[in-house]
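Novice: Each chain, written out:
There are 2 protein chains.
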Amino acid sequence: MHILVTNDDGVQAPGLLALAQAMRPLGKVTVFAPDKNWSASGHVKTLDRPLRVRETTLADGSPAFTSDGAPSDCVALPLLGFVEKVDMVVSGVNPYSNIGHDVTYSGTVTAAMEAVITGVPGIAFSLASQDNHSPNTPTDYSCAAHVARVVTEKAIHNRLTEGVVLNVNIPYVSIEELKGYMITRQGLRVYRDALDKRIDPRGKPYYWIGGEAPTGISEEGTDVGALMAGYVSITPLQLDLTNYKAMDVLKNWEF
Amino acid sequence: MHILVTNDDGVQAPGLLALAQAMRPLGKVTVFAPDKNWSASGHVKTLDRPLRVRETTLADGSPAFTSDGAPSDCVALPLLGFVEKVDMVVSGVNPYSNIGHDVTYSGTVTAAMEAVITGVPGIAFSLASQDNHSPNTPTDYSCAAHVARVVTEKAIHNRLTEGVVLNVNIPYVSIEELKGYMITRQGLRVYRDALDKRIDPRGKPYYWIGGEAPTGISEEGTDVGALMAGYVSITPLQLDLTNYKAMDVLKNWEF
Numbered sequence: 000m001h002i003l004v005t006n007d008d009g010v011q012a013p014g015l016l017a018l019a020q021a022m023r024p025l026g027k028v029t030v031f032a033p034d035k036n037w038s039a040s041g042h043v044k045t046l047d048r049p050l051r052v053r054e055t056t057l058a059d060g061s062p063a064f065t066s067d068g069a070p071s072d073c074v075a076l077p078l079l080g081f082v083e084k085v086d087m088v089v090s091g092v093n094p095y096s097n098i099g100h101d102v103t104y105s106g107t108v109t110a111a112m113e114a115v116i117t118g119v120p121g122i123a124f125s126l127a128s129q130d131n132h133s134p135n136t137p138t139d140y141s142c143a144a145h146v147a148r149v150v151t152e153k154a155i156h157n158r159l160t161e162g163v164v165l166n167v168n169i170p171y172v173s174i175e176e177l178k179g180y181m182i183t184r185q186g187l188r189v190y191r192d193a194l195d196k197r198i199d200p201r202g203k204p205y206y207w208i209g210g211e212a213p214t215g216i217s218e219e220g221t222d223v224g225a226l227m228a229g230y231v232s233i234t235p236l237q238l239d240l241t242n243y244k245a246m247d248v249l250k251n252w253e254f
Numbered sequence: 000m001h002i003l004v005t006n007d008d009g010v011q012a013p014g015l016l017a018l019a020q021a022m023r024p025l026g027k028v029t030v031f032a033p034d035k036n037w038s039a040s041g042h043v044k045t046l047d048r049p050l051r052v053r054e055t056t057l058a059d060g061s062p063a064f065t066s067d068g069a070p071s072d073c074v075a076l077p078l079l080g081f082v083e084k085v086d087m088v089v090s091g092v093n094p095y096s097n098i099g100h101d102v103t104y105s106g107t108v109t110a111a112m113e114a115v116i117t118g119v120p121g122i123a124f125s126l127a128s129q130d131n132h133s134p135n136t137p138t139d140y141s142c143a144a145h146v147a148r149v150v151t152e153k154a155i156h157n158r159l160t161e162g163v164v165l166n167v168n169i170p171y172v173s174i175e176e177l178k179g180y181m182i183t184r185q186g187l188r189v190y191r192d193a194l195d196k197r198i199d200p201r202g203k204p205y206y207w208i209g210g211e212a213p214t215g216i217s218e219e220g221t222d223v224g225a226l227m228a229g230y231v232s233i234t235p236l237q238l239d240l241t242n243y244k245a246m247d248v249l250k251n252w253e254f
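Protein sequence lines, in the order shown, are assigned to chains F and L.
Numbering-wise, the first sequence is residues 0 to 254 according to numbering that gives the first Met the number 0.
Numbering-wise, the second sequence is residues 0 to 254 according to numbering that gives the first Met the number 0.
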């Protein structure tokens, strides 16, 4: 079992190290991650410029590859043959949850999508540390690493269905406090973005996408609801975005 | 009816001008597009830097806004209040088709997704000019513009269902040659990417994501199939990516 570990926060992010270490008992691990932070970067395939690859080491001294490509490029290059055949791609651990509509923006999730498009199972791991964590203390990835190992082991053992991306979100609690695991559907995010217009020192306007952090509608059975109840949320995602119900409606539009 | 027109190829792209002109008979048109080409850039929300907005003019002399943000930012800023209330967002016309798995990579499609997430109907228009068009002649957008007006008019008249993104792909033919309109599901893209390793003048390796252009599996009822048969393909997309069938499988994994 050859497992590729990547993320969207960059090769030196502590969540990547935690994930790489969690995967080692499960097989051979290759780390290949971006050389910078690509959060909220979406699904990118870099076709207009060549990519560089550099060897580096993680904080525990283990080897890793890093590239100036986007997270999806860091999946595409290894899967196109930069390294030997990959059997599973895991992405993360993202320090913040990726739930609801976050999935199409998220570099963590789209890296796992890239794997599945290429025919390799992909799992994205995100930790809801924004919920109860002071930014002044380092994020504790021990529960997330435990969950990542458990879920990946199950995915290997049960042969994760082809074409399915697993989007795993972990509450920010200790292993002992974890309530369990829930299979969920994608919930609803509530974005509270606001336009924040400011004037620069030269008197010209510039704009931040500001506002408050997104919340979610805590419905039972959703990723949002599972996290809020203290459970790991496992949402199987598909790459077919067709709205089949809407097809019937559109057929009455009479073109 | 206030229609926002955007794209992922940049404010000076001829496909944007064609789309803006096609929308004018349907209502008030505001053009707000990126100041550079963002093809294959995915769904980006720019939160780590402020955005600039500049007034410019299209090739026909009509006014437009342009920003250094991504295509989704060019939807977010107007919808967050940079301009008056928007009723419909149209994106394109992209010079190449966006079918199958292209939809999560495509800036054209994710701009329309951004609108729908914010609660405004969104339609993406792409022209399959790669199929039978010499790169030495300018792309003819007349059929695409005609189709964009017909589809947008139907969407306004029939009140496009909330939460649905329309992904419209137009064959590269004349209006007379057009076979008609098909409501389709997302088909299968076949990517033929290959790793292309080269050595720079300093003796160091660099990598292109190379290979041949993607093809598609031409199944009846899909976007791929409709285009190949000479029809406009209209695929309703949803933002819920949950694979409901896989949920039942995962529930047997016994966590």
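Hints are not guaranteed to be accurate.
Note that identical chains are pooled: a pair holds if it fits in a single copy or bridges any two copies.
Distance condition first, Cα-Cα at most 30 Å in a straight line; then the derived DSS-like pairs of lysine-lysine [unchecked claim]:
| id | residue 1 | residue 2 |
| --- | --- | --- |
| 1 | K35 | K196 |
| 2 | K27 | K203 |
| 3 | K178 | K153 |
| 4 | K35 | K244 |
| 5 | K84 | K153 |
| 6 | K196 | K153 |
| 7 | K203 | K153 |
What the hints contain is simulated information worked out from the structure, not anything from laboratory work.
Novice: With reference to the structure, classify each hint as holding or not holding.
Specialist: Structure-based check of all given hints:
1. Taking the shortest alpha-carbon separations for K35 and K196, both the intra-copy value of 28 Å and the inter-copy value of 22 Å come in at or below 30 Å.
2. Taking CA atoms no more than 30 Å apart as the test, K27 paired with K203 passes between copies only; the shortest distance there is 28 Å, against 54 Å inside one copy.
3. Taking identical chains as interchangeable, the C-alpha atoms of K178 and K153 lie at most 30 Å apart only when both belong to the same chain, with a minimum of 18 Å there against 49 Å between chains.
4. For a Cα distance limit of 30 Å, the shortest separation of K35 from K244 qualifies neither inside one copy, at 41 Å, nor across copies, at 36 Å.
5. With identical chains, the CA atoms of K84 and K153 are at most 30 Å apart within one copy only, with a shortest distance of 21 Å there and 49 Å across copies.
6. Proximity of K196 to K153 under the C-alpha cut-off of 30 Å is found in neither arrangement, the shortest distances being 48 Å within a copy and 36 Å between copies.
7. In the homo-oligomer, the alpha carbons of K203 and K153 never lie at most 30 Å apart, since the shortest distance is 55 Å inside one protomer and 41 Å across protomers.
Hints 4, 6 and 7 from the list above are not met by this structure, while the remaining hints are.
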